[in-house]
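Going line by line, the protein sequences match chains A and B.
Position 315 (the first sequence) corresponds to 315 in this note's numbering; numbering is contiguous.
Position 242 (the second sequence) corresponds to 242 in this note's numbering; numbering is contiguous.
Treat the hints with care, since some could be wrong.
Claimed, not checked - Ranges of calculated distance between the beta carbons of each label pair, as one might list FRET restraints:
id, chain 1, residue 1, chain 2, residue 2, range
1, A, LYS292, B, LEU728, 55 to 65 Å
2, B, LYS124, A, ILE2, 28 to 38 Å
3, A, ASP247, B, ILE159, 35 to 45 Å
4, A, LYS315, B, GLU722, 57 to 67 Å
5, B, GLY89, A, ASP247, 44 to 54 Å
6, B, GLY89, A, PRO335, 48 to 58 Å
7, B, ILE159, A, ARG59, 27 to 37 Å
8, A, ASP51, B, MET1, 36 to 46 Å
9, B, LYS124, A, MET133, 45 to 55 Å
These aren't lab readings, by the way, just hints derived from the structure by calculation.
Keep in mind that this is a model prediction, so the values were computed, not measured.
Glycine included, C-beta positions come from ideal geometry on N, C-alpha and C.
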Amino acid sequence: MISELCTANYAGGYTFAICGNANRKARGCGTGIYPITPQTEIVETVVQLFDKGKIEKGRIFHVESEHSAMGACIGISVEGARSFTATSSNGALYMAENIVSASLFRLPIVMQIVNRTLGPEWNIWSEQGDSLMFRDWGWIQIYCENNQELVDHIIMAFYISENHKVLLPSMVCVDAFILSHTMMPVMLPTQEEADEYLPLLDLPHRLKHEKPFTIGGLALPRVTASHRYDMEKEIYNVFDVYKEAQDRFEELFGRRPEDPAIGHYHEDAEIILISSSTVSSTVRNVVDSLRKKGIKVGMVKIKMFRPFPTEQLIKLVGNAEKIAVLDRNFALGAPNKIGGIFVQEVFNSLWFAGSRNLVQSYIVGIGGMDVTPNVIEDIVDDISKRKRPESSIWKGL
Amino acid sequence: MIKFRIHGRGGQGGVTLAKILGFMYWIEGKWVQAFGDYSAERTGAPILAFTLVDDVEITNRSKIYYPDHLIILDPTLISDNILSGLQPGGYLIIDSPYPPEHFNRFPGYRVATINAKKTALKYKLGTKTTPITNTTIAGAMAKVFGKDFSIVEKTIKAINFPEQNISAARDAFSEVKIGDIVPGKLKVIDVVMPSEPIPPLITGNIGTEPLLNTGDWKSEEPFYSEDHIPPCNFNCPAGNNIRGFIEEMTKGNYDGALEILRETTPLPGSTARVCPHPCEDFCNRKDIDEKINIHALERLAADKGKVKPLKPRIERKEKVAIIGSGPAGLSAAYQLRRFGYRPTIYESQPEPGGMMRTGIPAYRLPDDVLNAEIQYIIDSGVEIKCNAPIDSKSSFERLLSEYDAVIIAVGLSFGSDLKLKGATTDNVIQGVDFLWKVNFGEKVSPGLHVIVIGGGNTAIDASRTALRLGAPEVTIVYRRSREEMPAIREEIEAALKEGVKLRFLYSPVHVLHREGKSILQVQKMKLGEPGEDGRRKPIPVPDEYDEIEYTTLILATGQYADLSFLAKDIAIENGFIKTDAFGITSHDKVFAVGDVVSNDGTVTHAVGFGRRVADAVHHYISGAPLPDYAQDKSKITTAQQMNLYYFAPSKRNEIPEAPVEKRTKNFEEVNLGIDTIEEALRCLSCGVCNACATDGISKCVLFCPERTIHKITSTKLEINYEGCKGCLICMEVCPRNAIDKRTIKKEAMAQ
Chain A
1 MISELCTANY AGGYTFAICG NANRKARGCG TGIYPITPQT EIVETVVQLF DKGKIEKGRI
61 FHVESEHSAM GACIGISVEG ARSFTATSSN GALYMAENIV SASLFRLPIV MQIVNRTLGP
121 EWNIWSEQGD SLMFRDWGWI QIYCENNQEL VDHIIMAFYI SENHKVLLPS MVCVDAFILS
181 HTMMPVMLPT QEEADEYLPL LDLPHRLKHE KPFTIGGLAL PRVTASHRYD MEKEIYNVFD
241 VYKEAQDRFE ELFGRRPEDP AIGHYHEDAE IILISSSTVS STVRNVVDSL RKKGIKVGMV
301 KIKMFRPFPT EQLIKLVGNA EKIAVLDRNF ALGAPNKIGG IFVQEVFNSL WFAGSRNLVQ
361 SYIVGIGGMD VTPNVIEDIV DDISKRKRPE SSIWKGL
Chain B
1 MIKFRIHGRG GQGGVTLAKI LGFMYWIEGK WVQAFGDYSA ERTGAPILAF TLVDDVEITN
61 RSKIYYPDHL IILDPTLISD NILSGLQPGG YLIIDSPYPP EHFNRFPGYR VATINAKKTA
121 LKYKLGTKTT PITNTTIAGA MAKVFGKDFS IVEKTIKAIN FPEQNISAAR DAFSEVKIGD
181 IVPGKLKVID VVMPSEPIPP LITGNIGTEP LLNTGDWKSE EPFYSEDHIP PCNFNCPAGN
241 NIRGFIEEMT KGNYDGALEI LRETTPLPGS TARVCPHPCE DFCNRKDIDE KINIHALERL
301 AADKGKVKPL KPRIERKEKV AIIGSGPAGL SAAYQLRRFG YRPTIYESQP EPGGMMRTGI
361 PAYRLPDDVL NAEIQYIIDS GVEIKCNAPI DSKSSFERLL SEYDAVIIAV GLSFGSDLKL
421 KGATTDNVIQ GVDFLWKVNF GEKVSPGLHV IVIGGGNTAI DASRTALRLG APEVTIVYRR
481 SREEMPAIRE EIEAALKEGV KLRFLYSPVH VLHREGKSIL QVQKMKLGEP GEDGRRKPIP
541 VPDEYDEIEY TTLILATGQY ADLSFLAKDI AIENGFIKTD AFGITSHDKV FAVGDVVSND
601 GTVTHAVGFG RRVADAVHHY ISGAPLPDYA QDKSKITTAQ QMNLYYFAPS KRNEIPEAPV
661 EKRTKNFEEV NLGIDTIEEA LRCLSCGVCN ACATDGISKC VLFCPERTIH KITSTKLEIN
721 YEGCKGCLIC MEVCPRNAID KRTIKKEAMA Q
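Just chain A, same shape as in the assembly (with noise of 0.2 Å):
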């Protein structure tokens, strides 16, 4: 790996054509590109390197809409070539169709969410929602925490989602500007690693004309249960792969990515903060702090969405008498005014597992607002204090 400073977006793109170029030996690589901000310096950073003749088998699609950039990604991966790309926000919305039909299609495709705030009314910066709108459909779901993050787990996204156990689209999330647009040290892989560590992608129902067929035509509603049926149950393949994902990476590279769920000072903590993507650097932050303070506050980062890592989740709140979940999101008039998407699924976590801890929902950062140090010790004083919980709790306003 070579140590380079550079943002995330300059990060992804060039980690997708590494990657893309180590299919060269099989068919290739190829995406669908479309600008939007804050994505746009990702698909940039594609062609640069394409110009460059780093992608030595492969093919850009400069398209006029995101729903064409997937449309493309589609026909590329279902050729069996390597495919990715990357979208934001309302792009995404408007790939949507394809978004969908690329995870019922069953193909490998990757691609970088810069997660921004549905508009309107026009807002650039910072929330989940874009990417959380297709949690039910098929793609496995990576929010990082930094830019090294996003490098490591694209190039196991591709290992993960390419694998016949799986077969299944992968989005890799970072935060609008406060990754996108920041610079910070990060190992970028050589191309001779990234051909080592990714396996050359072997798509089992890829199109042949020397053998033709048709994939999405007509279904009859059993045909169509039973494919879902098969993607329910394989899509849970996808925890075993990503520990083979993270010991491959151990070997070839030294570093072992973390836990789709990690804990931090969660052993014997009363007071657990859970939290996704760069938020929770600054809880990890607040908790180490406060740890000095002798408050017993530990963390709980949710990494993967989906598949949701509720058995490690379970295991790292283990006792906390209270948990305090942070989204950076929202799904209006859930029950109970509980709106915060992470929360949700950590109550149905705990409360499957017969678990009966204090779990109070917080609302932050939603349009891009800033999560700061003291935002998370509110929150830390708040919950401390609380003897039931409530409906979710907007911070910031």
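Chain A is already provided as a structure; the job is to place chain B on it using the hints.
Structure of chain B alone, referenced to chain A:
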């Protein structure tokens, strides 16, 4: 951890500077995080950027509220608030030509200054309006924080910036001026998080963007032009503000419209009926569908509007005499009255009006219209003496001795004699005399066959008058083709419609008398090269003749003035009085105006000239400067400069005419006028902002990305220059070329 906060404006490279700083420390082995605080992505908008430096991994992902040092790329951003959260003893590194001592308003902090814009421009980094100073500042920073310059060099190479960045940084490294801690009581400005209530989406102001005060960043700005000339205004011989009066018509304000017209003409009702309206020929609307019917609107304003007689603010005692009450004389008198004089007009005829009375038939200009307009002039304070000819040297001398100034406005009242061989006096008459007789009610019987010789308005008027007197056959003989006829186009068409016959390319030779009948022999002509006036000259075709029988032969081949009464020291040239454009003659007390000077031949030209001669007389008497009527042709708004696609096609409202079979039996008015302001709404308002009042929402308001344009009245807009970033989109989208741009001279750098 060291925290830098950069204050700059969008487009200056501030975020890149944060990254360059990050690189400098990363090369040294530190952990860094560099990012921008992205607000609205606009050039000129204030932006923040941050660089964090630490020995261990940085995990705080929020913005920086308590920086250790500030870097200020644009001194216009400096205010006390800029210190918000700054730690005591921190540096303010400012792009400024001044030394650090200049910034002594920051006690407790340190200031370093570098004239980075100058240095950047020296190495051609960025443009004059937007120099890119980030690498220059980086050089200065290295010095301030005690680094070796090699770090900067390595950084700039690592990010692949061109060589001249290193030179600029090196200059800055040696030129940066570093001050000590500013003495005085430390000024701490606390961080204030916004807490103002947010208005709800539905009842609040949906989608309103924050006003960004980027006005001081722009190098050009738009403004609503006041010197763009609509082509109609430019081409009006009377100098009428056509666009202005039509604007009032769009609001249904007839009085206001007439008031605007009356500023330049006392005879709008007359010119609306008889002017050949060159304004319409240049109307830009014809590039969409059909030109605006301006004369119909002028007539509507004149017929329906009401304006009180003039009441000048001052009364002047100097006496001015005007010889002749034609349009030139009336206009001169009216304008003099506006200055406060009480001029006296001497008219030889029993009624005032000159050629409008004696020459133009009533079916074109009814007496009541003319009478009303002259009455308005009289009511305003002008005296008209009729049956008072000034036709002798002695009477002229008397005027000169009694008055402070004399204006000659006698027109051309005599028809030129063709001296046709064989013509007898009993059935040959001058066109002007023929029309005079009819207009003053003398009995005229032209007989069965009338021939009119000539191609001007007198010829057409005489022919149509002859028809109305019962002549069953009226023929106009003209030696050139219809193209060259100087008569008003519509008049020619009306004459044809009424049954007048036109014989082109025939020139009269002589008159024969055969078997008691008068016969005009004519010779066939062909057109040769264009002459001095631009019209092609007729050339006789040898041996091709024709004969036409007549009972009355009317000659309308030109007019002249009898100037025998004039004093000798008044210069005359080819039968016309010699003056400049303002009617100033060779005699300092004598002025001349109208056809007797210029032979323009229209009421409108005479009205315009009358205004100028009034200026000249006023200038002569009072010493007031002569106005400058010269208009810059390049300021005329052309159709190409406009965005015509905004305008929906619409039909021109034509003036209805009385039916031919009815109108040729009497002298009732032929053109009946329109009674709708719809025609005014078709006006494109070329070059003049009307806030798009006639075609929907104001386009500049709609397209301004900063929402800095607002309506102040229904037809007036205003630009908020504090928010205007000078993108000039408004100028591009303006349907009517009403917006211009101007360059802004940057003031000396603010402190």
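Now the hints, each set against the structure:
no. : hint                               : verdict
1   : LYS292/A with LEU728/B: 55 to 65 Å : holds (57 Å)
2   : LYS124/B with ILE2/A: 28 to 38 Å   : holds (33 Å)
3   : ASP247/A with ILE159/B: 35 to 45 Å : holds (37 Å)
4   : LYS315/A with GLU722/B: 57 to 67 Å : holds (59 Å)
5   : GLY89/B with ASP247/A: 44 to 54 Å  : holds (51 Å)
6   : GLY89/B with PRO335/A: 48 to 58 Å  : holds (54 Å)
7   : ILE159/B with ARG59/A: 27 to 37 Å  : holds (30 Å)
8   : ASP51/A with MET1/B: 36 to 46 Å    : holds (39 Å)
9   : LYS124/B with MET133/A: 45 to 55 Å : holds (48 Å)
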